[in-house]
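Protein chains in written order, with this note's numbering: chain A, 1318 to 1666; chain B, 1318 to 1666.
Among the hints, erroneous ones may be present.
Which copy? The list can't say, so a pair holds if one copy fits it or any two copies do.
[As the list claims (entries may be wrong)] Under the rule of at most 30 Å between Cα atoms (straight-line distance), these lysine-lysine pairs were calculated in the BS3-like manner:
| id | residue 1 | residue 2 |
| --- | --- | --- |
| 1 | LYS1613 | LYS1564 |
| 2 | LYS1487 | LYS1527 |
| 3 | LYS1404 | LYS1574 |
| 4 | LYS1404 | LYS1446 |
| 5 | LYS1446 | LYS1629 |
| 6 | LYS1629 | LYS1574 |
| 7 | LYS1569 | LYS1527 |
| 8 | LYS1548 | LYS1564 |
| 9 | LYS1432 | LYS1527 |
| 10 | LYS1446 | LYS1613 |
| 11 | LYS1451 | LYS1629 |
| 12 | LYS1548 | LYS1446 |
| 13 | LYS1432 | LYS1446 |
| 14 | LYS1432 | LYS1348 |
| 15 | LYS1451 | LYS1548 |
| 16 | LYS1574 | LYS1561 |
No wet-lab data here; the hints were simulated from the structure.
Note that this is a predicted model, so its numbers are computed, not measured.
Protein chains: 2
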Amino acid sequence: MPAEFEPHQGCIMIFPERADSWQYGAYAARKAFVQVAEVIARSEQVTVCASAGQYDNARAMMPPQIRVVEMESNDAWARDYAPTFVKRDNEIRGIDWGFNAWGGLVDGLYFPWDKDNAMARKLCDLLGKDVYDKRDFILEGGSIHVDGEGTCLVTETCLLSAGRNPTLTKEEIEETLRQYLGVSTIIWLPCGIYHDETNEHVDNICAFVKPGEVVLAWTEDQKDPQYAMSKSCLETLEQAVDAKGRKIKVHKLPLPKPVTMTAEECEGLDACHDEPTRTPGERLAASYVNFYIANKHVVMPGFGDPADEQAKEILQELFPEREVVQIYARDILIGGGNIHCITQQIPEC
Amino acid sequence: MPAEFEPHQGCIMIFPERADSWQYGAYAARKAFVQVAEVIARSEQVTVCASAGQYDNARAMMPPQIRVVEMESNDAWARDYAPTFVKRDNEIRGIDWGFNAWGGLVDGLYFPWDKDNAMARKLCDLLGKDVYDKRDFILEGGSIHVDGEGTCLVTETCLLSAGRNPTLTKEEIEETLRQYLGVSTIIWLPCGIYHDETNEHVDNICAFVKPGEVVLAWTEDQKDPQYAMSKSCLETLEQAVDAKGRKIKVHKLPLPKPVTMTAEECEGLDACHDEPTRTPGERLAASYVNFYIANKHVVMPGFGDPADEQAKEILQELFPEREVVQIYARDILIGGGNIHCITQQIPEC
Chain A
1318 MPAEFEPHQG CIMIFPERAD SWQYGAYAAR KAFVQVAEVI ARSEQVTVCA
1368 SAGQYDNARA MMPPQIRVVE MESNDAWARD YAPTFVKRDN EIRGIDWGFN
1418 AWGGLVDGLY FPWDKDNAMA RKLCDLLGKD VYDKRDFILE GGSIHVDGEG
1468 TCLVTETCLL SAGRNPTLTK EEIEETLRQY LGVSTIIWLP CGIYHDETNE
1518 HVDNICAFVK PGEVVLAWTE DQKDPQYAMS KSCLETLEQA VDAKGRKIKV
1568 HKLPLPKPVT MTAEECEGLD ACHDEPTRTP GERLAASYVN FYIANKHVVM
1618 PGFGDPADEQ AKEILQELFP EREVVQIYAR DILIGGGNIH CITQQIPEC
Chain B
1318 MPAEFEPHQG CIMIFPERAD SWQYGAYAAR KAFVQVAEVI ARSEQVTVCA
1368 SAGQYDNARA MMPPQIRVVE MESNDAWARD YAPTFVKRDN EIRGIDWGFN
1418 AWGGLVDGLY FPWDKDNAMA RKLCDLLGKD VYDKRDFILE GGSIHVDGEG
1468 TCLVTETCLL SAGRNPTLTK EEIEETLRQY LGVSTIIWLP CGIYHDETNE
1518 HVDNICAFVK PGEVVLAWTE DQKDPQYAMS KSCLETLEQA VDAKGRKIKV
1568 HKLPLPKPVT MTAEECEGLD ACHDEPTRTP GERLAASYVN FYIANKHVVM
1618 PGFGDPADEQ AKEILQELFP EREVVQIYAR DILIGGGNIH CITQQIPEC
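Bound-form chain A, shown alone (with noise of 0.2 Å):
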């Protein structure tokens, strides 16, 4: 699997509609999407999902540049539907990976979710890409990350929850993304961002930047629960060693102050399985390491908040050959994600 700061072919993405998901009819999380898409489409080939329904809608917003395909999805999150797609023979192919909404009936965040779990073989399809078929394995696009090089990311808590693949070991997951994903390391953290409800994917703590050197989300606030969380993972990856015998170079990247739902948001979201999908209060799982590495441009979130600034300045140090670019994020962070979550690479051959 290339890393995703390799060079891409193209980006997938999805049009939001869902009513449980996206406050106030989707209309503020459309016009965060379409800035996504529209900064990633000046350096690379972007095609959006869209459900019959909302297909008029979709092309009408999004900037002609960006194809627009009919394709039904029960939610948004291009990066965990869409196909993880890898590099063999000097050929580019999708793997079909099971989904069932994180978690499935143990703790999956709705249902049924059969049409999210039948994209990454249409997507295929579409795109010309042979598959492999692993949907025996549950695994999103969020829950994993690698360095091109044969090391990859992930969180305990979600790769080894109950209700994923809770059958398998440890060691037989490993050798599942090292079969697929063509990885020789694999670094465990422990966890991810505190209230992450996709059981804390590795793409809202940590990513690559280059190989060797990751970011990591961090706080200095020793009160709030994620510090601990993140000491945990610093920890860990200042033991680790990559599939290159590299000791990994760890760029802390701040975290914004707790962002909480209020209650108007609250209000413009329809009940999920008759409860309230949000309440009042509720923290969500902010973090600027949501963002996408597009071929000339990193898309990261901004949340209004003072360290917006400061976490930007960081990355563009770090990406000093692409422009950094900051999108307002919260009417996408509401949905349950970030950037990251909303879009999907395809590397190029």
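Position chain B relative to chain A; hints supplied.
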């Protein structure tokens, strides 16, 4: 507009499902569509559009070398909904004509037709082609045939019908064809095939096999109403001079004996707008002219008629460099058209 016998980069089809078009749940029709797609796919990339609900089934029925994409429609006539592709400045672009189900509120065949009418633009988006917007002009792909050298064949019954562009004069319609198709000479056949509910599309009665040469559906049975119709077309063609100043050489292609609906077939069709779609004994517009010219094959209909073999031999002589493949097409014909109607070529650049 390149002629159909010029090289193609691909072909568009639509998976049939409409219950008032395709008898008994469309199962027999789907098998015929699969056969057509399979033959075309031997020498060009076939893309089949399926609704979200039929996607899995279409994917399962279509051979793997055929691309299935999700795209809703009101029925399955790719010739008439897909863009007419034209070449300019070494680029292929699509014309998005208006579509109103072959006559709109005057004598259209179903209501609504909005999904069909949206397809040309969606397909251009999918294929990365620019669009000429001519939605203010009602035209179906099946109502035109070109020789690629400046000549266009049409029928008066169709292009001058009250349900299409009644406010335009014949000269204004000609001017639109000249401008959008890049033709200079339009040959107006008086009519098409008897009982052809498209107001007698030209593609069911007459088609170019090369510049200066056409096949014309023909019967020697003077008691058949088709006799006078084909004869009047022949007289027009004998008088005609094409864009290059040539006389038209006409090859008569025999018609099968009249094909009529059985009571059992009628019972397998939903009513359309509270009226029976077809009645027992109703004559269908069967014609061997309704073939598709693929890169290396000519895909033509058969009806289990003694003339099947003769028609195939004539076409094989006219297309010596292509293999003529005959597909039993009664189940396509019942829907109201034939192999040319369910396909649309994308020319090579």
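Consistency of the hints with the structure:
1. Taking CA atoms no more than 30 Å apart as the test, LYS1613 paired with LYS1564 passes inside one copy only; the shortest distance there is 28 Å, against 59 Å between copies.
2. Proximity of LYS1487 to LYS1527 under the C-alpha cut-off of 30 Å is restricted to the intra-copy arrangement: shortest distance 26 Å within a copy versus 66 Å between copies.
3. For a Cα distance limit of 30 Å, the shortest separation of LYS1404 from LYS1574 qualifies neither inside one copy, at 39 Å, nor across copies, at 57 Å.
4. Taking the closest pair of Cα atoms, LYS1404 and LYS1446 come within 30 Å of each other both inside a single copy (11 Å) and across two copies (28 Å).
5. When the C-alpha separation of LYS1446 and LYS1629 is checked against a cutoff of 30 Å, the pair qualifies neither within a copy, at 35 Å, nor between copies, at 37 Å.
6. When the C-alpha separation of LYS1629 and LYS1574 is checked against a cutoff of 30 Å, the pair qualifies only within one copy, where the shortest distance is 15 Å, while the shortest distance between copies is 76 Å.
7. Within a single copy, LYS1569 and LYS1527 get their C-alpha atoms as close as 15 Å, which meets the 30 Å cut-off; across copies the closest is 70 Å, which misses it.
8. Taking the shortest Cα distances, LYS1548 and LYS1564 sit within 30 Å of each other inside one copy (17 Å), while across copies they are farther apart (86 Å).
9. Taking CA atoms no more than 30 Å apart as the test, LYS1432 paired with LYS1527 passes in neither setting, with 34 Å inside one copy and 46 Å between copies.
10. Proximity of LYS1446 and LYS1613 under a CA criterion of 30 Å is satisfied in both settings, with 24 Å inside one chain copy and 25 Å between copies.
11. When the C-alpha separation of LYS1451 and LYS1629 is checked against a cutoff of 30 Å, the pair qualifies neither within a copy, at 37 Å, nor between copies, at 47 Å.
12. Taking the closest pair of Cα atoms, LYS1548 and LYS1446 never come within 30 Å of each other, the shortest separation being 40 Å inside a single copy and 51 Å across copies.
13. For the identical chains of this complex, LYS1432 and LYS1446 are neighbours both inside a copy (19 Å) and across copies (28 Å), given an alpha-carbon limit of 30 Å.
14. With identical chains, the CA atoms of LYS1432 and LYS1348 are at most 30 Å apart both within one copy (24 Å) and between copies (26 Å).
15. In this assembly of identical chains, LYS1451 and LYS1548 lie within 30 Å of each other by CA distance neither inside one copy nor across copies; the values are 34 Å within and 62 Å between.
16. Taking the closest pair of Cα atoms, LYS1574 and LYS1561 never come within 30 Å of each other, the shortest separation being 36 Å inside a single copy and 76 Å across copies.
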